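Protein chains in written order, with this note's numbering: chain A, 21 to 401; chain B, 21 to 401.
Please note that a few of the clues may not be correct.
[To be verified] The calculated label-pair distances, taken between Cβ atoms and stated as ranges, are: (1) A/L168 / B/E90: 39 to 47 Å; (2) B/T38 / A/K106: 28 to 36 Å; (3) B/D309 / A/A128: 50 to 58 Å; (4) B/E90 / A/Q374: 44 to 52 Å.
To be clear, the hints were calculated from the coordinates, so they are not data collected in a lab.
Model, not experiment: these values are computed from the prediction.
Using N, Cα and C, we set each Cβ at its ideal position, and we do this for glycine too.
There are 2 protein chains.
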Amino acid sequence: MPTTTRSSGRVGERLRATSKVLPEHARAHNRSLVLQHLFHEGPTSRADLARATSLTRVTISDLVSVLIAEGLVEELGTRPGQRVGKPAILVGLRGDAFQIVSLDLTDAAQMRGAVISLTGQVIERRALDVDGRTGDELTDLVARFARLLVAQATCPVLGIGVGSPGVVDDRGRVIEAPNRGWYDLPLAEILTDRIGLPVQVANDANTAALGEFTYGGAAAGMLLLLVGLGVGAGIVVDGIRVHGVRFAAGELGHTTAVDDGELCACGRRGCLETVLSTRALRSAVEGKDPTTADADLAEVGRVLGTTLAPVVSALNLAEVLLSGPADLLDGPLREAAQETLQQRTMPAVSAGLQLRMASLGQDVVLLGAAVLVLSAQLGVS
Amino acid sequence: MPTTTRSSGRVGERLRATSKVLPEHARAHNRSLVLQHLFHEGPTSRADLARATSLTRVTISDLVSVLIAEGLVEELGTRPGQRVGKPAILVGLRGDAFQIVSLDLTDAAQMRGAVISLTGQVIERRALDVDGRTGDELTDLVARFARLLVAQATCPVLGIGVGSPGVVDDRGRVIEAPNRGWYDLPLAEILTDRIGLPVQVANDANTAALGEFTYGGAAAGMLLLLVGLGVGAGIVVDGIRVHGVRFAAGELGHTTAVDDGELCACGRRGCLETVLSTRALRSAVEGKDPTTADADLAEVGRVLGTTLAPVVSALNLAEVLLSGPADLLDGPLREAAQETLQQRTMPAVSAGLQLRMASLGQDVVLLGAAVLVLSAQLGVS
DNA sequence: GGCGTTAATCAGGTGTACTAACAAACATGC
DNA sequence: GCATGTTTGTTAGTACACCTGATTAACGCC
Chain A
21 MPTTTRSSGR VGERLRATSK VLPEHARAHN RSLVLQHLFH EGPTSRADLA RATSLTRVTI
81 SDLVSVLIAE GLVEELGTRP GQRVGKPAIL VGLRGDAFQI VSLDLTDAAQ MRGAVISLTG
141 QVIERRALDV DGRTGDELTD LVARFARLLV AQATCPVLGI GVGSPGVVDD RGRVIEAPNR
201 GWYDLPLAEI LTDRIGLPVQ VANDANTAAL GEFTYGGAAA GMLLLLVGLG VGAGIVVDGI
261 RVHGVRFAAG ELGHTTAVDD GELCACGRRG CLETVLSTRA LRSAVEGKDP TTADADLAEV
321 GRVLGTTLAP VVSALNLAEV LLSGPADLLD GPLREAAQET LQQRTMPAVS AGLQLRMASL
381 GQDVVLLGAA VLVLSAQLGV S
Chain B
21 MPTTTRSSGR VGERLRATSK VLPEHARAHN RSLVLQHLFH EGPTSRADLA RATSLTRVTI
81 SDLVSVLIAE GLVEELGTRP GQRVGKPAIL VGLRGDAFQI VSLDLTDAAQ MRGAVISLTG
141 QVIERRALDV DGRTGDELTD LVARFARLLV AQATCPVLGI GVGSPGVVDD RGRVIEAPNR
201 GWYDLPLAEI LTDRIGLPVQ VANDANTAAL GEFTYGGAAA GMLLLLVGLG VGAGIVVDGI
261 RVHGVRFAAG ELGHTTAVDD GELCACGRRG CLETVLSTRA LRSAVEGKDP TTADADLAEV
321 GRVLGTTLAP VVSALNLAEV LLSGPADLLD GPLREAAQET LQQRTMPAVS AGLQLRMASL
381 GQDVVLLGAA VLVLSAQLGV S
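Please model the entire structure based on the sequences and the hints provided.
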């Protein structure tokens, strides 16, 4: 019905599919609100939950009783400290109610995995050599690895989260991950079928961004740059992870960053990866005296700052996080990038801006994958 | 409760406030679904609405009867054409039920306004010279102008939408619009108080993006660049308008685009505005022979493409729209920008990418402001 | 020990959407 | 011409979710 100046062609392409909402969905939402509050704020009384959510105490009691019956929540006795009135009974998330299995497939040589508690503590950590496997063989290996981790869990597993390189759609299908030999692979579905647990799959850098957002205290507008063999990014805008029209959001590695730069594996020249991958960085500093090395790293930082400035401006981000080898990233590179970013963006944007190292270290992707599961199964993030 | 590696400082700053959802909110959502469908697809039978929304016919009938009682929707007789079964009764949005008043404050010299039907047709168009007014005087003028437009409406006014330059928060407070003399001005609140109608205010470029998204058939991942005396952008990602942590999303005009470029009004050098504002563009082509002028415009296009490439990559956008004087933008500039964008982004991103002129011409902001109202009052967008 | 305060529950009511069943209005086939 | 099947829209009854108001319980304070 909108009167367009242009002809109204190709309307079907659009994605306006908001589906119906029933009272039971409202219930699920409110249930998530309670879990979310317990997750972030820790043990709370029913009355405080009611105040925090602006639901009534009656409703909260009802929700809590269901959550207790499911074993997700437990009563923790009366709140310590003297106050007037009836003492409040604290209820809290049972950290030992469920565990989450996380997989990090970022590294081509070995996959990493962990069993993680609801509170983000790593219970068990494993790694498995990939031995050059790709395609279906790799899929099989991932499935076996996941099963092994599930067996390590000391309580019921809520679900399996996977951070994978490549383009992954919103239902866990790997659209393409060239150097894994994966094309249009419904990885989430395959793993669910084989293991019988809910599985969430997302791009590794996107996953890492979620990890920092939920467990690392990152801001609601942030970009995380995952630097490894390749370079990928994950973006959270207004508190929501960005997917992109073809689920390729964050693919910054092959954006041109250096005019007439080095030849990239992708066939074009001067991609960000040609200067910012760990390999490129190592070869830039290897065998050089510290001063020269630092200057080289600073130059890469300036390139990075120049590339990110338009993104930071456009989205009005509060934080840019770097994840990768600290010896290379957290020094002249980071400082130069920060300075360049400040110089190239307007004060209103750069004033509140911080460029820092990711706070979760090697576990970013694993913890982010856990968030995928938390978010899908409990509505917590 | 999340276990952070860093200390868990400044948590209160975060914005995780998702509020409770009651059954009545679910109802409102479903009601919006119906309106949304009627808005985009035109007259529909109740049974078809039920199929489209996956609600039951009973529920749809109930919702529709309420909407008819409110005068928003009307029965349009049986559907033409022979079919088996009882003939369907079409129901459609009453285009003449309400009108919307829109204000476009982009131009510093004169404000533009319109009365717009629910279907996006401009019923009445007005303009008013600003005569250099700023601050409270300008606020008064805006209020008078809005009242005048409301008086022009030929049926009840659903609300007032305003596209304003500057940084505007999500509740219609103008945080800062320097060359209007507005700082921390609760414009929406002021206008609501004086006129007694719901008022929505947003940044003009953001508003324009919404206009193209809803009435111009733009993709769910798009960036609109509004080129005038300044340069601003509006971004829609995954179907949602981007606000930014301090509501400054889209402020691309003062991002450095040219190294060691011309001095900008903001005090820094080489901002995008120094080459892409209408003034800069006109002075770049004025008095030059066509070939030189075209080359200059193409150079600006390349600068623009270079600036936008990281944004397009990071967000995996499907479209970049240019809004402004077509004689300057829609030629060598656009072509060079498109080409540069293709060259500097990876094929997976650039393949589906289109850089084109906005389709709504001078009315982008006005129509976008109407969408602000539609979205806030009816949940339609 | 009475009083006010806070916590949590009980009882009853409203709103929302569902399923099941039905009446109305048409095309079709014999 | 009339039974048959299809589609539409409505009516009646049910389940669920949250609300308000009243009630019970446990404390500090005077």
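When the hints from earlier in the document are held up against this structure, which numbers fail?
1
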